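Colleague: One-letter residues, chain by chain:
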Amino acid sequence: MSEATAHHTDTPQRRRQINLPYVGLAPAWLLMIFALIIPILIIIAVSFAVRGAYGGFDWGFDLSGYRQILFNEGWTGEMEFTPQYLIIILRTILLATVTTVLCLILAVPVAYWIAGQPGHRKSVLVFLVTLPFWMSMILRVYAWMIILGKDGPLLRFFEFFGAPSGMTLMYNDGATLAAMVYTYIPLMVLPVFASIEKLDGTLIEAAHDLYGNRWTTLRRVILPLTAPGIASGVILVFVPAFGAVLEPTLMGGGKQMMMGSLIQLQFGGGRNWPFGAAIAMILMMFVMLVLIGLALRSARNEGES
Amino acid sequence: MTKFYAATAIALCFGSAVAAEGTLNLYVWSDSIAPELIEKFSNEYDVQVNVDGYSSNEDLLTKLQAGSSGYDIASPSQHFLRIMIDAGLLENFGANTLDAYANIQEKYRNQWWDETQEYSIPIAYGSAGFAVNTDEYTGPTDSLKYFFEPEGELAGRIAMLSYPDEVVGAAQLYLGVPFCSEDPAEMKRVLDLLMAQKESVAVYSSDNIEGRMGSGEVAAHFWWDGEVVRAAASGAPVEYAMTKEGLVGWIDSLVIPKGAQNRENAIRFIEFISTPENATIQMNHYAHSSPMNVIEAEKKYTVENAPGLYPTVPVVMSRTCSPKAQDLVTRVWTQLLQ
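Top to bottom, those sequences are chains A and B. Position one of the first sequence corresponds to residue 1 (the numbering used here), numbered consecutively onward. Position one of the second sequence corresponds to residue 1 (the numbering used here), numbered consecutively onward.
Treat the hints as calculated values from the structure; they're not laboratory data. Nothing here was measured: the structure is a model prediction, and the numbers come from that model. Think of the CB as a built atom: it goes at the ideal place given N, C-alpha and C, for glycine as much as any other residue.
Quick partial rundown of chain B residues pointing at chain A, CB under 8 Å, derived from the structure: (1) S56; (2) S162; (3) D165; (4) K188; (5) A202; (6) E217; (7) P323; (8) Q335.
Listed below are several chain A residues computed to face chain B (Cβ distance under 7 Å; list not exhaustive): (9) Y54; (10) G56; (11) K150; (12) Y171; (13) G253; (14) G254; (15) M257; (16) G268; (17) G269; (18) R271.
From just these sequences and the hints, can you work out the full model?
Modeller: Below, the structure written as structure tokens:
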């Protein structure tokens, strides 16, 4: 192995001939093609395929997977507009958005505070933020079930201060949100922290010198300069939150479907793969729209400055 | 250096070839096979046994449909077994010529899901119904009415599985709607019943049922007979309801997926687990009834200590629904949780 490496470094000309930048990227390209592009093409193909009688699919062209998102046979046997899937899609968008906003509101002060700490403490704090990721996600959700559950510490605490017994904190939207925010907040803290750390303190001083109060300084100096970090945090949180299945099912009680569980249902119990693939495509296209929107925005901002 | 690599490569090929001959890959219901038997089989036949678990028939079907699963044995329930045979996903291993076949209790042989019994050997059967936490609920349990139209102690404190098939099946039993109904009007009644019940449902989930029930988080839970028996045996205050409308039945069978690499070992394992002695060990572990002839004296769960396994009400086996009927089930489920 070491012989081979030495051999290559000895002959720089040859390396230039085989155009290393492209050859060197080959593994990344292969990975992209096999792990990303081909699977997406398969999902696109399945979403237009003809459904099999008991799951699976036959090759063919059929738009019914997409039509089914809006129109279904009603209980009377007529084809009619059915908003049920739209409701599920909108609910998922809402949940992901609220999760992202809460993460942002909580993460910015935390990141700001960490960035202001002396060097060694800073690295310990960053390490602590990433610590939960060392554990399986399902364990973390179960931990929340213990915290919020019957006989859990939080309920005990409330009961001590006179909350009525029989009160429950589990199986509602609040419980879902708590677990969602907890799960995804490190993904917001880290990029925001990285951009705040790079912030030039003299600019804040300058803003104060020019009679900018704290709010103005935050709004016109700190936020614009940390926008790239905030944007990547928003993407990192929003995208996985959009496909979340575990938290709504375990914490929310699974009483209201999300897109993730809807797709799961179609590939499983529903045995309608093309429809499942069609919903997955809608989900992906929505995420792509959001990403393109953010990219355009940041490009425009860069153009202005 | 090169010599060393070559030698290693040859050794690896050789090694894996030998290992492949002595391998058996199981894909069965999670925690269903007695670990004791896996170890015994592994030692007796010098076979490396790998066990993966699933928690729904759909998981298994989807995996087999996706092709080359790499598994040698699976254990679908009867209605999925039928689909798998029809879809050509299973090996015909001449099950009816095995010793295992001779040990199947008469009434479980050659059923509609495998009439000639060439594709499968049954391993366990049981039912799905509701269980109550006797600390939290002291009322009657002899009708599905208490579960589908809960009042008093049960209102707001019941939990459903998140599998549409089981939930809809029980609702059909209660309403007297036939399984796999293709009549939208009948299925609308099922939806209406479940919608009305939803007000009282705390959670739809098939995970962590034991924790939720044992802790009294909910007072009643849709569940399987054997799981209730196991929880009760470990001291949880739970009881399986014998509902006069009946119980939803299932029977799981061992099958060999098409193209299995270790077919011989798979057959060997099926023979092994079907002897009266091993079937008894298996039943004592799984806590579901055995369709095999077992050693009565060694049975851990009897009518006295596990009445849930010996139903006194009719048990109706779930059927293989047509795509049209299945779509209605999915529609009920989607509208319920929309």
